[in-house]
Amino acid sequence: MIEPDRVRELLQQAFPGGEVELVDLTGTKDHFQARIVSERFAGRSLVEQHQLVYQALGDAMNGPIHALALKTYTPEAWARVAGGR
Amino acid sequence: MDQALRDRIKSTIEGHRVVLFMKGNRNFPACGFSAQVVGILKKLGVDFADVNILADAELRQGLKEYSNWPTYPQLYVDGKLVGGCDIVTSLSETGELEAMLRAGAASNG
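Going line by line, the protein sequences match chains A and B.
So for the first sequence, our numbering puts the first residue at 44; every next one is plus one.
So for the second sequence, our numbering puts the first residue at 22; every next one is plus one.
Derived by calculation from the structure, the hints in this document are not laboratory data.
As the structure is a computational prediction, the values presented were derived from the model and not from experiment.
Ideal Cβ positions, reconstructed from N, Cα and C, are used throughout, including at glycine.
Any given hint could be a false lead.
To be verified - Not everything, but these chain B residues come out facing chain A in the computed CB check (under 7 Å):
hint	residue
1	MET22
2	GLU86
3	GLY100
4	GLY104
5	ILE108
6	THR110
Turn these sequences into a full structure, and let the hints steer you where they fit.
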């Protein structure tokens with residue numbers, strides 16, 4: 044279990060200037076869904092993008108967070124996705 | 022992580038072209054995310070090896086360090102981590118997963 048605000052803080056620190064959207068899916072502070080838009084993802088594979096996120100969360104992934112549904116985008120990729128809605 | 026475990030992980034990943042490390046097994050997935058990836062692979066008719074990490078505590082911890090990936094399921098194709106449930110789902114929706122699996126099969130004859 045971890046405070047959603049703490050998760051947001053960790054992500055915002057790791058992706059400065061990026062867009063971070065976090066949802067506590069179950070209201071139990073251990074199943075989250077995150078959408079992150081950041082320049083840091085540019086030129087990286089999806090695996091590498093998600094590894095950056097896991098790295099930012101560090102020990103929180105080792106127990107406190109049971110599940111994290113993750114969507115990562117570069118600003119360009121997000122513009123395409125959002126534009127197509 | 023000791024060398025024996027590292028070697029065991031490596032040989033498991035390289036032992037089959039498509040390997041899914043999951044909670045439970047293909048017939049009885051013990052987690053919704055694992056079940057989802059099994060469903061995608063079955064739908065594509067892919068031959069894959071499933072490894073139940075719940076039955077192997079050493080492997081469960083070791084693979085996280087080996088791959089720098091903290092969650093399960095983990096899908097490997099041609100010895101390389103493709104991703105977890107989110108990435109596999111997304112790649113299957115765009116057709117990239119099928120292309121990846123078919124491309125390798127063709128080059129292997």
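Each hint tested on the structure:
| no. | hint | verdict |
| --- | --- | --- |
| 1 | MET22 | violated, 15 Å |
| 2 | GLU86 | violated, 11 Å |
| 3 | GLY100 | violated, 13 Å |
| 4 | GLY104 | holds, 5 Å |
| 5 | ILE108 | holds, 5 Å |
| 6 | THR110 | violated, 10 Å |
When each numbered hint is compared with the structure, violations occur for hints 1, 2, 3 and 6.
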